[in-house]
Each structure stands twice: as C-alpha cells, then as structure tokens.
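Novice: Sequence:
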Amino acid sequence: MMQTTTIARPQLRYEQVKQYIIDHINRGDWNVGERLPSESELVETLGVSRMTVHRALRELMTEGLVTRAQGVGTFVAKPVPRATLLELHDIADDIIAAGHVHTQKLITLEAIRADVDLAMAFDQRPGAKLFHSVIVHFEDDIPLQVEERYVSPHFVPDYLEQDFTNLHPHRLLTHISRPDEMEHVIFAITPDKQLQHLLELDEPTTACLQLVRRTWVQGKTVMKGIFTYPGNRYSLGGRYQI
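For the sequence shown, position 218 matches number 218 in the UniProt record's numbering, and the numbering has no gaps at all.
The reader is advised that the hints may include incorrect statements.
Once the Cα atoms are required to be at most 27 Å apart in a straight line, the calculated DSS-like pairs of lysine-lysine come out as [unchecked claim]:
1) Lys220 / Lys129
2) Lys18 / Lys105
3) Lys78 / Lys105
4) Lys18 / Lys220
5) Lys18 / Lys78
Label-pair distances were calculated between CB atoms; the ranges are [unchecked claim]:
6) Asn26 / Leu160: 43 to 49 Å
7) Asp29 / Glu203: 25 to 31 Å
8) Ser40 / His154: 41 to 47 Å
Hints were generated in silico from the structure; no laboratory data involved.
C-beta atoms are modelled at their ideal positions from N, C-alpha and C, and glycine is treated no differently.
Let the hints inform the model, and build the full structure from the sequences given.
Specialist: Next comes the structure, spelled out in structure tokens:
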C-alpha cells in the first residue's frame with residue numbers, strides 16, 4: 001500500500017510573533033488588562049520588521065486576545081466566548097428557503113488599491129489591486145444584509161464584468177473553487193450613516209451584527225467579506241454533532 005507524507009507548511013514570521021505573545025499570555029507572564037511590550041520593543045526583541053509585528057497584533061485583536069488603544073498601547077483582553085460557525089449559506093438561498101422573495105441591489109463595483117489593513121489581509125503590499133463590491137440583499141423588499149467583498153483579481157480576473165444585479169458573488173466564487181480554509185469573526189456594531197441608509201434603519205442606534213469572513217484557496221487569501229445585518233431582523237447560528 002502506498003503511503004503519503006504530509007509536509008507541514010513552515011510557520012510564517014507574523015505567526016511566530018503571534019505564538020510568542022500567546023505563549024506569554026498562557027504562561028501568565030502578561031495577565032488580563034496588562035500592557036504588552038510596544039511594537040518597537042517587540043521588533044527589537046524578536047528581530048522582525050514593524051509590519052510583521054503590526055500584522056500579528058492586528059490578528060490577535062481580531063481574534064479577541066488583545067485590545068489596542070491609540071497612543072497608549074496593546075493590552076491583554078478579557079476572554080470572550082466565541083461560537084464556531086461551521087458553514088455560512090448563501091443568504092439568497094436562506095431567504096427563498098424561508099418562503100420569502102429575495103432581491104438584490106448593486107451599490108458598488110470597482111477596482112481599488114489596498115490600504116495597509118487590506119494588504120495584510122491578502123498578504124500583499126499596500127497599493128495592491130483588489131476588486132470591491134457592495135450589494136444590499138432584500139427579503140420581501142426589506143433590506144436584510146449589506147454584503148461588502150474584497151476579491152483577489154488573480155482568483156477572479158473578470159469579477160468587474162459580472163452582472164451582480166442578478167448573480168450573487170457567493171455562487172460565483174464557490175463555482176470557481178470551494179475554499180480550503182475559512183475564518184469567521186462576528187461583532188456587534190452601531191452602524192455608520194452609510195449602513196443606516198442602506199439598511200433603511202429608522203433608529204441610528206439600532207444594533208447590527210457584522211460578520212467578517214476571509215477565505216483561502218491553495219494557501220492564498222482570495223476574499224475578505226464584511227456582512228452586516230440588522231440585529232432585530234436576522235440571527236446567525238449553527239448546528240453540529242459532537
């Protein structure tokens with residue numbers, strides 16, 4: 001019988017910085033509420049670039065392990081329970097399956113240049129080209145989701161040529177290739193004026209759920225999506241066997 005050998009992917013530098021910080025937190029060297037060494041101190045201690053340290057801290061903040069205060073520093077965060085979503089369905093399918101009518105409205109479809117945060121999300125340099133779309137999804141003429149996506153041109157070269165007045169990006173992307181890896185992070189937010197307008201919210205203080213999703217294909221980030229839902233119209237959840 002032929003045996004196959006799996007070769008582990010070398011750990012990237014920013015992942016090493018993340019693990020260094022996590023190890024110190026787990027050992028109790030840095031406790032909840034305690035300030036971590038500054039970026040400059042971590043650069044000097046670990047012998048890495050400031051960009052590498054910045055990315056590691058940004059990801060740890062997204063994962064809820066640290067908090068950052070502008071001009072003050074980075075602190076160990078209080079642990080927050082997080083549920084795992086095994087799968088996120090196409091919202092159009094969810095609306096139709098519930099017996100309602102789905103429609104969508106294209107707001108934005110353009111090419112942009114990545115800022116620092118997007119560049120880190122896609123493992124690219126700042127200024128790299130990305131495709132950007134914003135679509136509002138309606139259930140029986142009531143806005144249910146604002147879908148904002150950033151897509152790698154290398155993954156979908158003709159993304160800007162698609163008719164997203166009818167076609168849903170989720171179906172396009174999964175038709176090209178199912179992701180090998182996905183990351184979901186959910187926040188509770190107060191929507192800004194643009195989201196209030198797109199979701200037709202009467203009260204500007206209406207709480208919204210915002211899901212940030214990244215997908216990888218063959219080890220490369222191909223999509224970052226930001227999906228915003230009015231908290232009083234939609235819920236997120238999952239069911240799985242233990």
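Novice: With reference to the structure, classify each hint as holding or not holding.
Specialist: Going down the list of hints, with the structure as the test:
{"no.": "1", "hint": "Lys220 / Lys129", "verdict": "holds, 15 Å"}
{"no.": "2", "hint": "Lys18 / Lys105", "verdict": "violated, 40 Å"}
{"no.": "3", "hint": "Lys78 / Lys105", "verdict": "violated, 40 Å"}
{"no.": "4", "hint": "Lys18 / Lys220", "verdict": "holds, 19 Å"}
{"no.": "5", "hint": "Lys18 / Lys78", "verdict": "holds, 17 Å"}
{"no.": "6", "hint": "Asn26 / Leu160: 43 to 49 Å", "verdict": "holds, 45 Å"}
{"no.": "7", "hint": "Asp29 / Glu203: 25 to 31 Å", "verdict": "violated, 45 Å"}
{"no.": "8", "hint": "Ser40 / His154: 41 to 47 Å", "verdict": "violated, 34 Å"}
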